[in-house]
Amino acid sequence: MLNQSFGRLGSLARPHVVTAFSLGGLFFNPTRHSSTSTATAYLLRTPPSSAPREVPTPLVFVSSSALDANSRNGMSAFASWYAERGYTCLEIDLARPQDVQTSEALMNHYEAELSSHIRTLAIPFAPVIVSRAAGTLLAQTYISSHPAAGLLLISPPPSNATVSRALLPTPLPEFDFEARFPVAVMCTEREQEKLRSESRLWRDPGVDRIVVKDEEAITGQEGVTRIEQWLDEIGI
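The sequence shown lines up with residues 13 to 248 when you count with my numbering.
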């Protein structure tokens with residue numbers, strides 16, 4: 013049971029090994045790094061010796077703050093906290109390319125780059141992919157053609173058609189993958205109604221639904237507890 017607020021836990025988290033890279037090379041102060049549209053950043057956290065266990069399945073927190081700043085909200089705090097709980101956590105903030113003309117080309121670029129970074133880990137187990145907001149588009153593109161142990165979509169757009177044209181240059185076809193591995197959609201009480209009426213995944217009986225009070229709860233104690241419960245339920 014958590015006996016402190018998540019914000020406090022996030023500030024206390026001290027992963028045993030933290031390795032942070034950008035496309036320009038190694039940087040040694042990841043907390044001060046700010047990803048731009050020309051550099052992808054990633055940070056690997058491994059469990060400390062004080063962790064209650066060591067989980068073989070890694071968690072990959074994928075975002076693209078250059079595409080949607082909201083996609084990165086809470087990801088560092090999540091990764092810190094779950095590393096303390098025994099998970100190997102990879103945080104990836106993908107750069108947005110400058111020379112793509114269509115949304116499909118944009119997603120293909122993200123997919124290739126994400127796949128490359130995950131392969132670099134050389135971990136023998138398929139990861140659980142965690143994403144938020146428009147970052148869920150990247151995650152769904154990736155799992156459409158790559159193995160995963162699970163997929164958690166936090167506050168995803170109800171459909172690709174509802175995504176702002178400021179984020180996508182052209183209409184993006186709807187995803188039609190079948191959930192052959194555990195999938196969960198997490199949202200706030202306010203977001204639930206729109207997802208219920210417009211989201212294919214939300215209506216899929218094979219997809220788990222996690223509803224928390226509000227956005228603060230997503231990255232607070234309620235959110236991290238519910239996510240860990242889901243991970244336990246799917247055997248991670």
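Keep in mind the hints are simulated off the structure, nothing from the lab. Values in this document were obtained by computation on a predicted structure and should not be read as measured data. Heads up, some of the hints might be wrong.
To be verified - So the derived label-pair ranges between C-beta atoms look like this:
(1) Pro60 x Gln110: 37 to 43 Å
(2) Ser62 x Val112: 31 to 37 Å
(3) Gly247 x Asp111: 15 to 21 Å
(4) Gln113 x Lys225: 18 to 24 Å
(5) Ser127 x Pro185: 15 to 21 Å
(6) Gln241 x Val112: 37 to 43 Å
Think of the CB as a built atom: it goes at the ideal place given N, C-alpha and C, for glycine as much as any other residue.
Hints versus structure:
no.: 1; hint: Pro60 x Gln110: 37 to 43 Å; result: 39 Å, holds
no.: 2; hint: Ser62 x Val112: 31 to 37 Å; result: 44 Å, violated
no.: 3; hint: Gly247 x Asp111: 15 to 21 Å; result: 42 Å, violated
no.: 4; hint: Gln113 x Lys225: 18 to 24 Å; result: 41 Å, violated
no.: 5; hint: Ser127 x Pro185: 15 to 21 Å; result: 20 Å, holds
no.: 6; hint: Gln241 x Val112: 37 to 43 Å; result: 38 Å, holds
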